[in-house]
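K.L.:
Here are the chains, one letter per residue:
Protein chains: 2
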Amino acid sequence: MIQVALCPSEIRRISATDLTETTAVVFDVLRATSSIITGLAAGVESFIPVRTLEEAQKLKAKDPGLLLAGERGGLPPKGFDLGNSPEEFEKVKGRSVILTTTNGTVAIDSVKSARHVLIGALLNIDALANYLFTHHPNNLLLVCAGTGEEFSLEDAIAAGSLVARLSGDEGLSDSAMITRSLSEQVGDDFYEWLRHTQNGTSLRKIGKDADVRWCAQFSVMDVVGRFKDGKISISTD
Amino acid sequence: MIQVALCPSEIRRISATDLTETTAVVFDVLRATSSIITGLAAGVESFIPVRTLEEAQKLKAKDPGLLLAGERGGLPPKGFDLGNSPEEFEKVKGRSVILTTTNGTVAIDSVKSARHVLIGALLNIDALANYLFTHHPNNLLLVCAGTGEEFSLEDAIAAGSLVARLSGDEGLSDSAMITRSLSEQVGDDFYEWLRHTQNGTSLRKIGKDADVRWCAQFSVMDVVGRFKDGKISISTD
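Chains A and B supply the protein sequences, listed in that same order.
Sequential numbering from 0 applies to the first sequence in numbering that gives the first Met the number 0.
Sequential numbering from 0 applies to the second sequence in numbering that gives the first Met the number 0.
Next comes chain A alone, as it looks inside the complex (with noise of 0.2 angstroms):
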């Protein structure tokens, strides 16, 4: 059975139910995820999500080698090395990365006792839908994150290109139908649609417009991150 948790008190709700025979995939479009697999294709060691600031920061001072990165409300906190742009994650090598962002971070922590957590983003669907075609898990969770406490059309639409790919009507919940006939009325217009969903339109009124476009790629990257022991690097299974 695929489902799909359509935004944030979906996910809280979801992530208090038994989830050890589940896989989850967590997509955070704009930005987290896309972040994240643009930096583990660029050579990022692993990522390290974590909830607060409070957290990133007693981190960082514990271990002044790893980089701090995040965003509240779409820019970096005060004294970060990083803030939330994928492009920033292309310069970084070899490096593990702390990240605290709004709503990816806090997803991704809010099904760590999944099976299997993989990070989502339009980059790399057919990196995904090849990783669940080899696993074939029983359960599939497919995360939309949201912003806030709202809903996130971004999600939906990686969401539903992955339900796409996977299977046709057989095990479909209502919630995975749903996100499958928005892809269907997307195409391959990801850019046009990023851009007039709430958190397209705020990341352009803030000059982030090329990180709209970044994350409007579809399948480009052929990387699957897998959160496990605290830390996303890259699948190699």
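Any given hint might turn out to be false.
Pairs count within a copy or across copies, as identical chains cannot be separated in the list.
Said to hold, decoys possible - List of simulated lysine to any residue pairs, SDA-like, C-alpha gap at most 20 angstroms: (1) Lys-61 / Pro-76; (2) Lys-61 / Glu-169; (3) Lys-204 / Leu-52; (4) Lys-204 / Gly-170; (5) Lys-111 / Asn-138; (6) Lys-230 / Thr-19; (7) Lys-61 / Ser-14; (8) Lys-77 / Phe-217; (9) Lys-204 / Arg-194; (10) Lys-204 / Glu-169; (11) Lys-90 / Tyr-190; (12) Lys-90 / Gly-64; (13) Lys-207 / Glu-89; (14) Lys-77 / Leu-58.
What the hints contain is simulated information worked out from the structure, not anything from laboratory work.
Please build the complex by placing chain B on the supplied structure of chain A, with the hints as guidance.
P.N.:
Leaving out everything else, chain B in the frame of chain A:
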């Protein structure tokens, strides 16, 4: 702004926010709100939605003139006068009906603090659109009642059909955009889509395909139901 509460966890979250300047439209297409609209169109005086079987029975004991209707697991509870099939309410004229269902009546109760609470179904989309054109609320909340804890596709189809009639892109939340996109995929094939939803499949399994067909009729009833002072009756505004 048009927003959509896509699933039960989201209804609970939103019900705790300030709704005093919001008009809410509650959709439980299979079948509670379709039964209510059918009943009101046929001459039911009012529906009294209650959350629990106990409340329903207590109310009936106090006023034996009321009819007792509803479902648990799709079937009428023991001792009830009526179930939750829309066609059952076609024969009821001039009576008031206590109604308790798993999700629909709970969703209605959840948003009772809204300025206006309207009852929505595929059956009365054009009537709702006309009402909203006349009253043009600043904040419109479309509530998808769902099934148990799950998102239900048929409620999102109805919500999206209403969004499509109301507006251009201005003032559409991401949640409104996904439902509108869904309704564009559905086109006029309401029955085909409804029968493949999880609820549609369950209802067909218990021999209630006729209910699914009934609820898939589009804009055939020129009735707006309004919940006020604990009762749903036809809005004459």
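K.L.:
Hint by hint, note whether the structure agrees.
P.N.:
Consistency of the hints with the structure:
no., hint, result
1, Lys-61 / Pro-76, "within (19 angstroms within a copy, 61 angstroms between copies)"
2, Lys-61 / Glu-169, "neither (49 angstroms within a copy, 48 angstroms between copies)"
3, Lys-204 / Leu-52, "neither (24 angstroms within a copy, 51 angstroms between copies)"
4, Lys-204 / Gly-170, "between (40 angstroms within a copy, 17 angstroms between copies)"
5, Lys-111 / Asn-138, "within (15 angstroms within a copy, 36 angstroms between copies)"
6, Lys-230 / Thr-19, "within (18 angstroms within a copy, 45 angstroms between copies)"
7, Lys-61 / Ser-14, "neither (29 angstroms within a copy, 43 angstroms between copies)"
8, Lys-77 / Phe-217, "neither (32 angstroms within a copy, 55 angstroms between copies)"
9, Lys-204 / Arg-194, "within (11 angstroms within a copy, 43 angstroms between copies)"
10, Lys-204 / Glu-169, "between (42 angstroms within a copy, 16 angstroms between copies)"
11, Lys-90 / Tyr-190, "neither (24 angstroms within a copy, 53 angstroms between copies)"
12, Lys-90 / Gly-64, "within (16 angstroms within a copy, 75 angstroms between copies)"
13, Lys-207 / Glu-89, "within (16 angstroms within a copy, 56 angstroms between copies)"
14, Lys-77 / Leu-58, "within (16 angstroms within a copy, 60 angstroms between copies)"
Hint check: violations occur at hints 2, 3, 7, 8, 11; the rest are consistent with the structure.
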